[in-house]
Amino acid sequence: MSSLGNARRGIRAPHLLLIPAIVIMLLGMGYPMIWQVVTSLQKYGLQQQFGKPAPFVGLDNYVTLATDPQLWLVVGKSLAFCLITAALTLAIGTLLALLMSAVTKTARLILQVALLLAWAMPVVSAMTVWIWLFDRRRGAINYLLDMIPGVNMNRFDWLSTPLTFLLVACIIVVWMSVPFVSFSVYAGLTQVSDEVMEAAQLDGANGWQRFWGVILPMIRPVIAIVLLLQLIWDLRVFTQIKLLQDAGSKSGDYDLLGTYIYKLGTSSQDFGMASAVSILVLGITVALSWFYIRSLLKEDEA
Amino acid sequence: MRTSKILLSVLAIVIAALWAFPVYWMVSSSFIPTAILQSFIPTFFPNKPTGSNYVGAVADGSFWSALGMSIAVTLTVVVFCIIFAFLAAVAISRFRFRGRRSFVIAVLIVQMLPAEGLFIAQYKMVSSVHLLDSVIGVSVIYIAAVVPFTIWMLRGFVAGVPADLEEAAMVDGLSRFGAFMRITFPLLAPGLVASGVYAFLQAWNEFTVALVLLPSEAAQTLPLWLRGFVQASATRETDWGQVMAASTLVAVPVIIFFLIVQGRLTSGLVSGAVKG
Chain A
1 MSSLGNARRG
11 IRAPHLLLIP
21 AIVIMLLGMG
31 YPMIWQVVTS
41 LQKYGLQQQF
51 GKPAPFVGLD
61 NYVTLATDPQ
71 LWLVVGKSLA
81 FCLITAALTL
91 AIGTLLALLM
101 SAVTKTARLI
111 LQVALLLAWA
121 MPVVSAMTVW
131 IWLFDRRRGA
141 INYLLDMIPG
151 VNMNRFDWLS
161 TPLTFLLVAC
171 IIVVWMSVPF
181 VSFSVYAGLT
191 QVSDEVMEAA
201 QLDGANGWQR
211 FWGVILPMIR
221 PVIAIVLLLQ
231 LIWDLRVFTQ
241 IKLLQDAGSK
251 SGDYDLLGTY
261 IYKLGTSSQD
271 FGMASAVSIL
281 VLGITVALSW
291 FYIRSLLKED
301 EA
Chain B
1 MRTSKILLSV
11 LAIVIAALWA
21 FPVYWMVSSS
31 FIPTAILQSF
41 IPTFFPNKPT
51 GSNYVGAVAD
61 GSFWSALGMS
71 IAVTLTVVVF
81 CIIFAFLAAV
91 AISRFRFRGR
101 RSFVIAVLIV
111 QMLPAEGLFI
121 AQYKMVSSVH
131 LLDSVIGVSV
141 IYIAAVVPFT
151 IWMLRGFVAG
161 VPADLEEAAM
171 VDGLSRFGAF
181 MRITFPLLAP
191 GLVASGVYAF
201 LQAWNEFTVA
211 LVLLPSEAAQ
221 TLPLWLRGFV
231 QASATRETDW
241 GQVMAASTLV
251 AVPVIIFFLI
261 VQGRLTSGLV
271 SGAVKG
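Chains A and B, in that order, give the protein sequences. Residue 42 in my numbering sits at position 42 of the first sequence; the count goes up by one each step and never skips. Residue 128 in my numbering sits at position 128 of the second sequence; the count goes up by one each step and never skips.
Take every hint as true, because none was put in to throw you off.
Cut-off 25 Å, straight-line C-alpha distance, at most; resulting in silico cross-link-like pairs (PhoX-like, lysine-lysine): (1) B/124 with A/242; (2) A/105 with B/5; (3) A/52 with A/263; (4) B/124 with A/52.
Because the hints were derived from the structure by calculation, they are not lab data.
With the rest of the complex left out, here is chain A:
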C-alpha cells in the first residue's frame, strides 16, 4: 500500500475521489449544523417565518434555556430515561450473551434467531405491535397480567400517566436494543480462549469469580463501546416517544428531548429556541461520542 501511495504522491487523485462524499455531507449535515448554530443566536420566531429579518440576540436563547425549569425537567427526564434504559439494555444483553455461550447449539441458534427477528423489526412496525400489546382494552399484556390471581389490570391505561408511559417506552427500547448488545458481547466472548477459562477453573475460581476476574476484563472494550452507543441512541430517542404520544397523551409531561425540540419547532414555530436546544443535544452527543471516535481512529491507524 505504501509503495502505491508513494508513487502517487503529489497527484490529487485521492482528493478528487473524496469530493462527492464531502459535498453531500456538507449539504445534508454541515450546512444545517451551521444554520442551527447561527439561528440559536437569533430571535427566530413566528414573525421571522414570514420574512421579517432575524435579529442577533447573542446568547439570549441559551440564557432563557438555562433559566427555564420546564426545560430542566425535560433534560432530567431524558437523562434518567437514557441512563436507566442503557443500563438495563447492557445488563440484559450481557446476560443473554453469557447464556448463549453456556447452552447447547440448538438452544443458542433458537435464541439468536429470536433476537435477530426483534432487531430486524422496523421501528414503526415494532411500535405498532407494542402499542397494541399494551392496549387498554384488547391488549394481550393486560389480559395476561389480569390472569395472575390478585392482580387487577383490566382496562389499565399504561399511557395515561407519565411514569407508566415512560416505562412502556423503556421496555420497548430495551426490547429493540438488547439484540445488538447480545451479539456484540457474544462476539467478544468468543474471543476469550478456552485455555484461559480452563486454567481459571483449575485454579478453583467459581462461576462468579471467573466472570468478574477473567471474562469481564477481557470483554471490557466491547462493553464500553456498546454502552456508549446505547447512551447516545437512548438520549435522542424520538420515534418511539412520538408514536406513543400518538396513541396516548401529547401533553408536555410526556416529552423527552426529541419530542420537546420537535414541538418547539412545529407548534411554537420558535426556531431560535429549538436550535439552541438542538445544539445542547448535539453537544452532549459529540462529547459522549468522542471516546468511541477515538477508539475507531486507533483502529484506522493500526
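Given chain A, put chain B in place with the hints provided.
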C-alpha cells in the same frame, strides 16, 4: 450432558419465545379476521387464517403510492451512497494524503450526529429550495446521514484486498483501471452488497426526517403511511387486524434483507473494540 446445561438451554428457549413474541403476534394477528380480534379475549393462533386484512390494508391507493415513494427514495439513497462511499473508501484506504486524518475524523463525527438534533435546520433548508415532499430533498439528507458509516464499512473491504494483487496484474499488462476493475472490484462485491443493504435498511425505516420533510400525504413513505394508517384507524374502533397486516407489509422486506447483512453490521460497529 450436565443438568445445568439442559436447564439453561430450556431457559434460553423460553427467553427466545418471549423475545420473538411481538413479531409472532404481529404476523399471527394479521391473519385473524377482524370479527374475532374484536373480542376482549386475545386469540393466540390464527385457526382460520384469512387474507382479508391484507386486502383491506392495501385497498385504498395510499399504500401503493407510499410503496412507490419508499422505493424511489431507497433506490436513490442506495445507488448514490454506494458510489460516493466507494470512491471515498478507495481514497482513504489506498492513499496517504494531506487531510486524510481530518476527513476520517469528520466522517466519524458526522456518523454520530443525530437527525433528531438537526431536523429543524434540515426542514428550513429543504423548504427554502422548495423540495419538501420531493424524493430529492429527503434523499440528500439520507445520503449525508448514511454515507459516513458506509465509507467506514467499505474502507475495511478495500483495505482487505492487497494492493500487490493489483500491481501484479499491472505488471502483467493491465492498465491501472483495468487491474482495478478485473481484480479488486470483484473481491469487493460482498462489501458493496453489505453497504447497499445497510443503506436500504436506513432509508426504508427512517421516520424522523421523513416526518419533517414529507408533510403532505401524497409524498408519504411507508413508515409515515403506517403511522397514518394507525391514526386513521384509531378514530373509529381500531381495526387491529388491518393494522397488523400493514405493519407486516412494511416489516417483511426489512427482515429478509437484515438477515443477509447482520454479521457484517455487528462487526463493523464494534470491530475496533473486539480486537482491543
